[in-house]
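Q: Each chain is listed here by its residues.
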Amino acid sequence: MIDGVIALYIFMLAAFTGYEVISRVPVILHTPLMSGSNFVHGIVLVGAMVALAAADNTLLRVIGFIGVVLAAGNAVGGYVVTERMLKMFVTAARRKGP
Amino acid sequence: MNVLSAQTIQTLTQLSYLIAAALFILGLKRMSSPVTAVSGVRWAGLGMVLATLVTIAFMGASPLNFALVIAAIAIGGIIAWVSGKRVAMTDMPQMIALYNGMGGGAAAAIAAVELYSGNEQNVVHLTMATIGGFIGAVSFSGSLIAFAKLQGLITKSVRFGGQKFVNLAILLVTAAFGFMMVSGMHAGPPIVSAFFACALLLGIAMTLPIGGADMPVVISLYNALTGLAVAFEGFVLDNAAMIIAGTVVGSAGTLLTQLMAKAMNRSLGNVLFSNFGETSTAGAVGVTGTQKAIEASDAGVMMAYSQKIIIVPGYGLAVAQAQHKVWELAQLLIDRGVNVRFAIHPVAGRMPGHMNVLLAEAGVPYDLISDLDEINAEFETADVALIIGANDVVNPDARSNKGSPIYGMPILNADKAKNVIVIKRGQGTGFSGIDNALFVLDQTRMLYGDAQAAVNQLIQAVKASG
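As you go down the protein sequences, you meet chains F and R in turn.
Taking my numbering, I'd label the letters of the first sequence as residues 7 to 104.
Taking my numbering, I'd label the letters of the second sequence as residues 13 to 478.
Okay, chain F solo, but in the shape it has when bound (with noise of 0.2 angstroms):
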């Protein structure tokens, strides 16, 4: 179990890093970066299989069910357009060469 104080702990630190990681970002790849992070917060997936797995009446079983159709629309969605993206930097990058 998270502890209150070990949480705001945990946020602090989440919070500076995920300022770090993207600071240092050229301007090109700021779509797909938005993307990625995007499909980063497709975690909500495992939230929403929780909250899901947990329901014991049809009215929490039907909204469990939106927010896990939701969830994993964001992460696989997600993940599509970043890769898709993110595989024609690799193609002009290679291009670029020698």
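Treat the hints loosely; a few may be bogus.
[As the list claims (entries may be wrong)] Capping the alpha-carbon separation at 30 angstroms, the derived lysine-lysine pairs in BS3-like fashion look like this:
(1) R/Lys-430 x R/Lys-475
(2) R/Lys-320 x R/Lys-428
(3) R/Lys-475 x R/Lys-414
(4) R/Lys-428 x F/Lys-93
(5) R/Lys-414 x F/Lys-93
(6) R/Lys-428 x R/Lys-274
(7) R/Lys-41 x F/Lys-93
(8) R/Lys-414 x R/Lys-304
(9) R/Lys-176 x R/Lys-428
Treat the hints as calculated values from the structure; they're not laboratory data.
Using the hints provided, position chain R relative to the given structure of chain F.
A: Okay, now just chain R, sitting in the frame of chain F:
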């Protein structure tokens, strides 16, 4: 699964989440360099698969719930997979908005399950769930509106007097419902429903008045907000992977949003609360003069005998899918000994880097592509500035006309080039509805038509000039 004790399962789950979180951060880090970028998204993907599989294995669902989970993943996953594979590169911004909205909706759904169930008694957890649910719901409906606008499903920006106060009122009502849920007063399902309805309404009301030109900033903001919502729900569920990944995205997204707003020389508050397009009609007063047309054959000859050409791509290039043709044209010119460069404004297109993605798709090498700071001094020595479907980012009014709504925005100094050729669909104003002083300058010639067709004509003209 009964061979493992509850303690062991708990430890294994948490460990796998820790590994997933590490993979996310390393993945994002690798995505920040073009060379390692693809491996970056794969590392992050590996983390996602690991976390998902471990959750499926250990979530302890009843057979019914287990089946529902699997079915929901299949439905959402397959729809997103197919749409993500099919969407054209030019439509990426709205797809990101859509997937982002889904994430926000999922975070709101988690909060809804917690709040409707009434099982949660811990005030801190209730508060976290409520805040996360609020942010998630706003991000959900707001992203969907952003998607609809970019997709062309909503073409008008709805604005009316006192809109800010209406939005503020909705916010206050939402907060009041939220307080009722947290404080343990009679927060039955009706209050929870009203709370979510208001939050969703707020997302719609906030996004509807924002003009299309500001959408990149808005999408980035909602991306950061979804991250935060996920982090909050992570606190509620004691899920470290969600807290870390959500927070990392929240802070990275906030920084990215600031960078974008800065590139447009507008504060975030300005984007969200000032009605951009409304003042643009006033800016139109400053532009007088007529646009002078040019034939593609003449433009082609002019370019074929130039020393230095700077190409400025914009959204028109994306719409016409002209990136491959433009690179073909550039290669022809380079073979003739012309110095060809691409100048990319930070907010050209609908997102920062949107043009870079398209040029990368066409295979344009990086060293030919320059950003605003690198290239701006070079326009003075350029024989031709070729503007392809860009508008506001080359509007000299941003430098000189204080009455212009984009006054102060850094622009590409295309007007300093000896000749300017503008490929444009017609004589109207661009996406933001602002008239462009560049188009009526003495050295500017307009080449009307779809960007792909026009560039194709230029290619023929360059070839014909021997």
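Q: Would you check the hint for R/Lys-414 and R/Lys-304, treating anything up to 30 angstroms between C-alpha atoms as holding?
A: Cα-Cα ~25 angstroms, so holds.
Q: Decide if the proposed pair is consistent with the structure: R/Lys-428 and F/Lys-93, CA atoms, cutoff 30 angstroms inclusive.
A: With a Cα-Cα distance of about 36 angstroms, the restraint between R/Lys-428 and F/Lys-93 is violated, given a limit of 30 angstroms.
Q: Has the given pair, R/Lys-430 with R/Lys-475, been kept, meaning a C-alpha gap of at most 30 angstroms?
A: holds, 23 angstroms
Q: For the pair supplied as a hint, R/Lys-475 and R/Lys-414, confirm whether the alpha-carbon distance does not exceed 30 angstroms.
A: violated, 43 angstroms
Q: If you draw a straight line from the CA of R/Lys-320 to the CA of R/Lys-428, is it 30 angstroms or shorter?
A: holds, 13 angstroms
Q: Would the pair R/Lys-176 and R/Lys-428 pass a check requiring their Cα atoms to be no farther apart than 30 angstroms?
A: Status violated; Cα separation ~40 angstroms.
Q: Taking only the CA atoms, is the gap from R/Lys-41 to F/Lys-93 under or equal to 30 angstroms?
A: Since the Cα atoms of R/Lys-41 and F/Lys-93 sit roughly 16 angstroms apart, the hinted pair holds (cutoff 30 angstroms).
Q: For R/Lys-414 and F/Lys-93, compute the direct alpha-carbon distance and say whether it is at most 30 angstroms.
A: Judged against 30 angstroms, a Cα distance of about 43 angstroms means the pair is violated.
Q: Would the hint linking R/Lys-428 and R/Lys-274 be met if the CA-CA limit is 30 angstroms?
A: holds, 24 angstroms
The structure fails to meet hints 3, 4, 5 and 9 from the earlier list, while all remaining hints are met.
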